[in-house]
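*Asks:* These protein sequence lines map, in sequence, to chains A and S. Those letters in the first sequence? Residues 1 to 246, by the numbering used here. Those letters in the second sequence? Residues 1001 to 1321, by the numbering used here.
Calculated from the structure, these hints are not laboratory results. Hints may contain errors.
Quick look at which bits of chain S chain A covers, simulated, 3 or more residues with Cβ under 8 Å [said to hold, decoys possible]: (1) 1100 to 1110; (2) 1119 to 1133; (3) 1180 to 1191; (4) 1274 to 1282.
Every residue gets a Cβ at the ideal spot worked out from N, C-alpha and C, and that includes glycine.
Below are the chains, spelled out letter by letter.
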Amino acid sequence: MKILVCISHVPDTTSKINFTEEDTRFDTNGVQFVINPNDEYGLTRAIWFKEKQGATVHVINVGGQETEPTLRKALAIGADEAIRINTKPTDSFYVANQLAAVVKEGSYDLIIAGRESIDYNGGAVPGMLAKLTESNFVNTCISIEVEGDKVIATREIDGGKETLSTSFPLVLGAQKGLVQEADLKIPNMRGIMQARTKPLHVKEAVNAPQLTQIVNFEKPAPKGAVKLAGSVDELIDLLHNEAKVI
Amino acid sequence: MVIVYTESENGKFKKTAFEAVSYAKGIADKLGTQVTAVAINSNDVSSLGKYGASKVLQVSNEQLNNFNAAAYADVVSQAAKKENAQVVIISSSANEKYMAPLLAVNLEAGYVGNVISLPESTEPFQVKSTVFSNKAFAVTQLNTPVKLIGLSKNAYGLHENETAVTTEAFSPQLSQDDFNTKVISVDKSTDKVTIADADIVVSGGRGLKGPENWGMIEELAEVLGAATACSKPVSDMGWRPHSEHVGQTGKPVASNLYIAIGISGAIQHLAGVNASKVKVVINNDPEAPFFKAADYGIVGDAFEVVPQLTEKLKAFKAQNA
Ligand SMILES: Cc1cc2nc3c(=O)[nH]c(=O)nc-3n(C[C@H](O)[C@H](O)[C@H](O)COP(=O)(O)OP(=O)(O)OC[C@H]3O[C@@H](n4cnc5c(N)ncnc54)[C@H](O)[C@@H]3O)c2cc1C
Ligand SMILES: Nc1ncnc2c1ncn2[C@@H]1O[C@H](COP(=O)(O)O)[C@@H](O)[C@H]1O
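Here chain A stands alone, though its shape is the one from the complex (with noise of 0.2 Å):
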């Protein structure tokens, strides 16, 4: 089993989110990047399925040369070989095309990819990828059992589970439940040392189309300060008279 992880690399979950240049950048000054927490799930699994069944794992970013640490530290997790897309990530079905020249050439049967990316939120470059690659799909996933070539998969839906046969080749969306929190893998001394002479290809971007562009950000205003109650019945006429939702 050939399997792709695609990976984005996004400010740690606790940054100040800024912007800068008239509030048309956002502001990676001081901000810490990591791998996206859907994206190191599906990681996790994967190397799961390296373990015990012999998969090969390779791991992919879109992105410029500073996301070649993340990609190191996928590698220093247990993936076997790494490639960057040399452009800049800034639409997502101009990535999906990018992932999808990847994915055709390499024949993956499983592409991982993550529910949404934590920064832009667009839950839609794994979706996009699958249709890009006549692949089947499975979002919001929580678990993924593969025997030969068959395939079962649980995804969450609105108030429980839903689970799926499917086949290859398939794309995830991951998310948290995938795998076990206790699970997910800190880069030890050796796998960093291993990851250093592990394969990290740069790829030229191919020609797509961008269909959307980020105008501009706004920060929401400052809130006001909390009203606090000096007891049940006063919470509750709050509630009632003042914010009326109950």
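Knowing the structure of chain A, use the given hints to seat chain S with the ligands on it.
*Replies:* Coordinates of chain S with the ligands only, in the frame set by chain A:
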């Protein structure tokens, strides 16, 4: 034409479907055109007229009884092509987020999800959405002839706009490839309000000490007709099911009222619940960060406050019934 997909469950439209139609009507008015709704295996399609749809394409097909992202995306894109849609509106349930990117590729449409308001401008076409897990907004320009918009829950609201509505049966061509992925079982509690559909969500954190103490959370939720939710560590420790975990890495919450009990208000938790209109915090630590993000709060011990609140709310409900 503006096309809107209207999601239903067991034949009944979801509230988000009416919200999507309201929004579609808002856009259609700006563009000087009309709204066509697409409904799959739904009853009572004429109710869509109340929110501004002037035509409903009604699909009845047993193969579509279970949601199937690929097939549903095919249905909506064929409807959009038939109607010459300029704009296609969906809402942001898990199912619609699943089919959105497939639909976008089918229609070669630019797609923006988590949209919170009518377009800032239609020429060029620019819409505002939440990004960075509700920590910011982005205005995005769509450069394609067909635009696909995913509307955030509870952001635009319901707007009545009584319109005469015609219904037309619609039989799209489905490809067998769409059914390569098949549902084999569904595990869903049918007697509980889901976090996605709920107007009120009652959520508990590590401050509740253990799963045995969730009875009071469920009682409070029951009085309010609310869904129950929890913070990440609570689901990680197995006190509550994963499906209740809300926040940046869990489910998003965009309810009218969110009540956080024994939750500190970590940035990753707030990121996922901030879209709720009114936030209430109950915490015994006045320094808990949630107090900075909440609208109302009580500083107190959850084990005293919550049972009291439930009792008083019962009395309040009885009086206001
Ligand atoms: C990558 C990443 C992603 C994450 N994603 C999420 C996410 O999606 N959702 C999420 O929730 N978290 C997430 N977290 C975890 C987050 O950082 C916090 O650890 C978590 O939200 C804390 O949960 P809590 O508030 O229940 O527990 P705690 O932080 O332990 O807070 C418990 C609170 O209960 C109060 N309390 C104690 N006893 C009582 C009492 N008797 N009465 C009233 N109050 C009481 C305390 O004062 C305290 O404020 C994420 C973390 C990381 C690193
Ligand atoms: N620039 C990128 N490079 C590689 N994978 C990406 C990139 N952007 C998004 N993805 C993948 O697509 C998922 C969803 O991203 P998005 O559609 O941007 O929310 C992410 O979790 C990644 O797995």
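*Asks:* Against this structure, judge whether each hint is valid.
*Replies:* Results of checking the hints against the structure:
no., hint, verdict
1, 1100 to 1110, "holds (count 9)"
2, 1119 to 1133, "holds (count 6)"
3, 1180 to 1191, "holds (count 10)"
4, 1274 to 1282, "holds (count 4)"
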